[in-house]
Each structure stands twice: as structure tokens, then as C-alpha cells.
Amino acid sequence: MNGLSFDQVLFILRGAGWTLLLAGMGFVGGALVGVPLALARSRGGRVLRAVTGAYVQLVQGVPLPVIMFVVYFGISVGGFDLPALVAAGIAMTAYSSAYLGEIWKGCIQAVPRTQWEAAECLALTPLQRAVHVILPQAARIAVAPTVSFLVQIVKNSSYAVVIGFFDLTYSARVVNNSTFKPFVVFSIAAALYFAICYPLSSLSYRLERRFNKARA
Amino acid sequence: METSVDEVVRFNKVSKAFGLVEILKGVSFSVRRGEVVALIGRSGSGKSTALRCINGLERVSGGELHTCGHAMHASAVDLAVLRREVGIVFQSYNLFPHLTVAENVMLAPRKVRGMARKAAHELAMHVLRQVGMEERADYYPEQLSGGQQQRVAIARSLAMEPRLMLFDEVTSALDPELTGEVLRVIERLAADGMTMVLVTHEMAFARSVADQIMFMHQGIVWEAGSGKLLDEPTTPELRQFVGNGL
Chain A
222 MNGLSFDQVL FILRGAGWTL LLAGMGFVGG ALVGVPLALA RSRGGRVLRA VTGAYVQLVQ
282 GVPLPVIMFV VYFGISVGGF DLPALVAAGI AMTAYSSAYL GEIWKGCIQA VPRTQWEAAE
342 CLALTPLQRA VHVILPQAAR IAVAPTVSFL VQIVKNSSYA VVIGFFDLTY SARVVNNSTF
402 KPFVVFSIAA ALYFAICYPL SSLSYRLERR FNKARA
Chain B
325 METSVDEVVR FNKVSKAFGL VEILKGVSFS VRRGEVVALI GRSGSGKSTA LRCINGLERV
385 SGGELHTCGH AMHASAVDLA VLRREVGIVF QSYNLFPHLT VAENVMLAPR KVRGMARKAA
445 HELAMHVLRQ VGMEERADYY PEQLSGGQQQ RVAIARSLAM EPRLMLFDEV TSALDPELTG
505 EVLRVIERLA ADGMTMVLVT HEMAFARSVA DQIMFMHQGI VWEAGSGKLL DEPTTPELRQ
565 FVGNGL
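Which chain is which? The protein sequence lines are A and B, in order. For reference, each letter of the first sequence is one residue, going 222 to 437 in the working numbering. For reference, each letter of the second sequence is one residue, going 325 to 570 in the working numbering.
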């Protein structure tokens, strides 16, 4: 098969599995941090807004591979020996939380202020206002841009290769090192990335259209 | 001055400024239990601001304001308790679009008063019947006309069994026919003895339903009186306002 053995293709596929896992960790972690971040950014007091704003600026201002290095080596300096998967997961969480937080902040702000007011006048606590009134509405707005950002998470998870994490990019490089067929190997890797990302971006496009139609 | 037990709302020289712009410049009036008070006046006269001060949506800048016994001018006013006692209905309805009519009404009784789903549903159907909307309980707000949405908004407030209801230009976004159906609901509430303060542009309605009419002008109560006030205005400002309105 184009000079690659079945085992070698399987090896690359295994890498793709780890890419999916890391992207999933990045998304789940990013969402867990991103929701409170978005709330703090859009509704928090002055201090909270400044602190969370600084976090977002910092993470967005540092390239993802450098974040990977900082997490991987930074924590091992502290005396903990961290598996690459955990370090990459933490780095991806930091990265995606900063972007998802900003995306979702916009979605929360897109819900009219009068909805907060109506909920407040019904004696709901600030948390109840957010959970029962604002976030469900913001979530509908957020679906399309969030799915679209998932594509970025999948592609950028490849930077985990810098700390030796075994993913699709890493496995492709290993196979290339032993076969010296870069064009074949990396074409396969590219096709796999595309196979993961294309359904996501077309889903995002469809959701976007449906949302716009619903509003018209 | 003592607050009488019967007084649900009492403004005493209340002022309110947004930055350098003074909207209220010493407003004084009171609302007794079971009374309907209509605030009328031009846009910018401060009537909506006065209404929003009553339930703490705006903080007063000076003077004293008591709502249901709470000192709204104090720094430590407990808004959470106050909001259970005071309902408000807005010009733009502000129903929650992702919830059905019944869910809109049930939300606060369930979350704030801790009612069980079934009891809250019964309560919702009861108040929806009061506004003639029980047959639309499973509709979403966007499927309703403006008048129907506004009646649901009234029901949503009633579900908290408030001691005082505030209406902020609730018919301003409606055509005359839909206005009528909303005003009839408010009339019925008045007849049932609900204490109400309403900001309105419906002069005929204010005359028929209100016990007191407050004409606000330049941030104060310019002229006050019963419904007759509109027929026999004493100040030139009110005369001009009524002349334009009727």
C-alpha cells in the first residue's frame, strides 16, 4: 500500500486516536474553565474582570507550543514527573479556555440586558439568573462558533508533539523516519486531520445558517 | 414623618441623578394598600425612573423611599426579600424565549419559593386563567401576540403573589386592540384590590382606574389628584399635556 505496511498505517491511526483524545480533553477542560470565565468577563466586578482579562491576554499572547513547554517543564521543575498526556491536556485546557471564554462572553452579552433584569425582578439569585435564564439563551447563540472553534482545537493539538506527546503528527513523523516516504506519510496524516475537521466545520456552517434563519 | 402601616410606598423628597443629569428632583407621594396610582407625564419627566426606584432597579440618590416597609435609600436594603413582594411588568414583556408560557410562570415559584413542580404548575395555571392565557400554557413566547405575551408577563409576576405590582408603560408597544385586552386584565386586578403603580400614556385608562394621578414634570410631581385632575388641570403644563393627549 504505497510502500507502507499495514502496521505502519495502523500506527498512524493510533496516533489519530490520541489526537482525538487530546482534543476532547482540551474541549472539556476548556469548557469547564471557559463558562465561569465568560461569566466573570461579562458580569463580574471590576477586579474579577481585570484578573480574568489578564489571564485571557496572557494565554492568547503566548504561542501554544510555548504553553506546552511551560506546563511540561514548569511542573516537573516543581518535582512532579508529569506524563506528556497530562501536560498537553492542561496546556490545551488553558489555550481553549481563553478562546472559548471570549467567544462565550460575546454570546452572553448578546442576550438582552432586560432578560437579566426580568429574572432579577422575579427574585432569582445571580446564579439562578445565569443558569436558568441567560446561559440557555447564550448556548443557542454559541453552538455554531463553538463547533467552529473545535476545528482549531483539533488542529492545534498537534503542537503537543513538542513535548513528545504521541499523537497523529508524532506518529506520522515516526513512520516517516523509518520509511523515508514523507509525501505518502504526511498525506495520510493530512487526510486524517481533514476527516476529523471537515465534518465539524460543515456542521458549524449548517448550524450557523439554521440560527440565522431562525432569527430572520 | 412616620410610615403608616397602610402605606405600601412612600416617596419623601426623593432625588435621582445619573451622573450630572438629575432626573428626579424631590419627588414626594405615597401609595396606600389597595390603591392604584398612575404616573403620567412626558418622556424624560422621570416617571419610569421613579417606578424603577420603587423596586430597587435604580438606587435613589437622595431623600427617603420606603417600599413595603423596606428603606430603599439605605445602603443595606435586602433586595432579595423586597423582590418577592413587588412584581413588575415591562414595556417589552421580557418573557424568557427559551421557556414555554407555563415554564416562564413556574420558574420563580419553583426556584425562589421552592415549590414542587406539580404545585407550581397548578399555581401557573391558576394565574394564567386570571389573565385568560391558560390555553396557551405550552406555547413559546414567540408564538404569541404582543398582548398575549404581556398578559403572560403579568401572570408571571402574579405567581409570586406580590403585595405591590408595578407597570412600566406596559401597553406602549401594542396596537389599540391588544392594548384593550391588557388593560382589561389590569382593571380586573384593580377591582380585586391589588396595590398598583403604573406608568402609562393611556389617559382614559388612568382616569377610569386610578385612585390617584401624579403628573410628573421636570423631575417632580407637578400636579396630583383624582381622575378629575385630567378634566380640570390647574397648571398650564398639565393643561398642555392633556390637551395634546386627548
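Read the hints as simulated data drawn from the structure, not as lab findings. Among the clues, some could well be false.
What the hints assert, rightly or not - Quick list of in silico lysine to any residue cross-link-like pairs, SDA-like style, CA-CA up to 20 Å:
#1 A:K376 / A:G299
#2 B:K435 / A:L348
#3 A:K376 / A:V280
#4 B:K435 / A:Q349
#5 B:K435 / A:K376
#6 B:K435 / A:P357
#7 B:K435 / B:H445
#8 B:K435 / A:T346
#9 B:K435 / A:V280
#10 B:K442 / B:E458
#11 B:K435 / A:L285
#12 B:K337 / B:F353
Broken hints, by number: Violated hints (numbers, rising): 1, 5, 9, 11; every other hint is consistent with the structure.
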